[in-house]
Amino acid sequence: MNRLNHLFAARKGNLLSIYYTAGYPELNTTLDIAEALEKAGADFLEIGFPYSDPVADGPTIQHSSQQALDNGMTLNLLFEQLKNLRKRVTIPVLLMGYFNPIVQYGVEQFCKKAAEAGVDGVIVPDLPIYEYETMYAGFFKSNNLSNIFLVTPQTSADRIRKIDELSNSFIYLLSSSSITGGSLDVSDSIENYYKRIKAMQLKNPAIIGFGIGDNATFKKACEYADGAIVGSKFVKLLESENYLEKINGFIHSIRTSL
Amino acid sequence: MKYGVNEHGYYGDFGGAYVPEMLYPNIEELRQQYLKIINEPDFKAEFDLLLKDYVGRPSPLYFAKRYSEKYGANIFLKREDLNHTGSHKINNAIGQILLAQRLGKKRIIAETGAGQHGVATATVCALKGIECVVYMGEVDMERQAPNVSRMKMLGAKVVPARSGSKTLKDATNEALRDWIANPVDTHYIIGSVVGPYPYPDMVARFQSIISFEAKKQLFEHTGKELPEYVMACVGGGSNAMGMFYHFLDDESVKLIAVEAAGKGVNSGHSAATTILGREGVLHGSRTILMQTDDGQVVEPYSISAGLDYPGIGPQHAHLYKINRAQYTSVTDDEALQAGLLCCQLEGIIPAIESAHALAQLEKMNFKKDDNVIICLSGRGDKDLDTYIKYFNY
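Just so you know, the sequences run in chain order F and W. The first sequence maps to residues 1 to 258 in the numbering used here. The second sequence maps to residues 1 to 393 in the numbering used here.
Incorrect hints may have been included.
[Claimed, not checked] Capping the alpha-carbon separation at 30 Å, the derived lysine-lysine pairs in BS3-like fashion look like this: (1) F:K203 x F:K12; (2) F:K236 x W:K166; (3) W:K70 x W:K52; (4) F:K233 x W:K166; (5) W:K52 x F:K162; (6) W:K36 x F:K162; (7) F:K220 x F:K236; (8) F:K195 x W:K105.
[As the list claims (entries may be wrong)] Pairwise CB distance ranges, derived in the manner of DEER restraints: (9) W:K263 x F:R86: 15 to 21 Å; (10) W:I275 x F:K198: 51 to 57 Å; (11) F:E108 x W:G72: 49 to 55 Å.
Because the hints were derived from the structure by calculation, they are not lab data. Heads up, the beta-carbon is just placed ideally off N, CA and C, and yes, glycines get one too.
Using the sequences and the hints given, assemble the complete structure.
Below is the structure:
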């Protein structure tokens, strides 16, 4: 059991997770942002580590990644910053990023360092199931890290079953087949997709991401899943001045209707 | 094939399909269909006919007499420069458009660096009346303006890639993002033996016509089944893989792959991937790529836009690691000099990419009766500006 498992055991529904890129907009505010998010009422966090070629991301997160790299963010530095994570933050924390930086760091070493810092899970969009299962699952398990898989409207039922079997905290449902930063698709076919997944009665809770950015979209997502993830909209907020002071209001605006 | 791909898409340690879940259905559809489709008699017949009547194949295997005298061996040039659109890229574009049609796709996307693959893709889309969108780095669009116009004349929409370094790798990222957003009706024609499985194998098969023909043609010229050497330039590595393909299992044939050293391997301005790169994941496959200690992809440099790629195809990474092929590199200066020499000795203006392979001739120790095949992957018309500026003509 890690913090994610405890969270999902204790609370059903309306969970709010926030994504942001470490090292953006400033190099050393990773934990300040995390702390502000917890205080504001976020339920768990996804801290992104930047990559030069983020193919699954739209312009907002691409920009934050490039800026973070220009600021000097590296995995080494991130783990240095995370040494104080559990002194300041109690909610579950995931790391999210592309596979190549992890390969260079060493997959086993990465998992060890993440666990030492008190990280609970990892999302690596371009680490496929076959490679995870045959080469890396052991490193995740021995460090009590949850690996989070994505599911899209095109993912087949068989594959969703397989993903459910390999998962041990939650499944990340994409609201559409798109890169990050788009708008929420509320078409009938998407509703049918959520209903189809709900009917499968998976053992893992589902959290919806991509296109969530205000109270209306958050509420919509929570009708079909246990919670939702806000990424690009929050990263945009970080572009503004005095962003730390605005975090409380932002979370409040997602939680409650105007 | 001893050096071919296994059922999981790997060549030894390299390959695979490291794609986000959003691309999985696209890749899976291709994986399940590509061999079935390309082995259908109807596909083969149309592919062969178009290669013959439209591309102008077989391309000649030309015995280069004056080169042979200069280098003391029998030097043959495989004339891919004589293909329609001016390079080997058309072989793959024809294969993939026929595949896309049979998969019922209505829209084609492609990435391009120098513009040769973009032009080849725009050409086959015109031929088939299919919508075509080509992603090209904003920087490359300025450097290769005539090819941008060519693509537009052929009816393609050219979209500038403005992310990252605004060159080939970023154009590839943008094409992948487009494919994520349009998973059902769009086919992505990747231009080299790179990307997630099955692309490296599929592109290699379409380009293997180069060595299939060369093997027969060498026999007609010399009565010998096999050459001593086969040489080609490598960016992503599609002409080299096509040139090596039918010689891979003939262990006596020495395979020489020539990378672009740019301003020198240690100058900080180079694209010599096997020397400067390390193992990692790029554009969906595990391969060798140029990167920082932190795993960020490094922007390569070569005067030749077609060799200016930070990785190599996974099969090349495998052939390099197990020493089946020898990977070497030549600088901008050496390549341009070799290009000019080819003009003056053989009356052929080669693409600067192909001139890298020719430059390697200077560094070889041939025996008198050695038969050597070099892939002349493209013609130099597109590079005239660069040649003219360099030599002050």
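Each hint, compared with the structure:
1. Distance check on the hinted pair: K203 of chain F and K12 of chain F sit about 13 Å apart at the alpha-carbon level, within 30 Å; holds.
2. The straight-line distance between the Cα atoms of K236 of chain F and K166 of chain W is roughly 23 Å, inside the 30 Å bound, and the hint therefore holds.
3. Pair hint K70 of chain W plus K52 of chain W does not hold up; C-alpha atoms about 33 Å apart against a cutoff of 30 Å.
4. At roughly 25 Å between alpha-carbon atoms, K233 of chain F and K166 of chain W fall within 30 Å of each other, so this suggested pair holds.
5. Under the criterion of a C-alpha separation no larger than 30 Å, the hint pairing K52 of chain W with K162 of chain F is inconsistent with the structure, at around 47 Å.
6. Proximity of K36 of chain W to K162 of chain F is assessed by CA-CA distance (about 27 Å); at most 30 Å being required, the pair is judged to hold.
7. Distance restraint check for K220 of chain F and K236 of chain F: the Cα-Cα separation of roughly 21 Å lies within the 30 Å cut-off, and the hinted pair is therefore satisfied.
8. The suggested pairing of K195 of chain F with K105 of chain W holds, with an alpha-carbon distance near 29 Å, which does not exceed 30 Å.
9. Distance hint for K263 of chain W and R86 of chain F: a CB-CB separation of about 49 Å, inconsistent with the stated range 15 to 21 Å.
10. The given range of 51 to 57 Å is respected by I275 of chain W and K198 of chain F, whose C-beta atoms sit roughly 53 Å from each other.
11. The hinted window of 49 to 55 Å between E108 of chain F and G72 of chain W holds, with their beta carbons roughly 53 Å apart.
Of the hints listed earlier, those the structure fails to meet are numbers 3, 5 and 9, in rising order.
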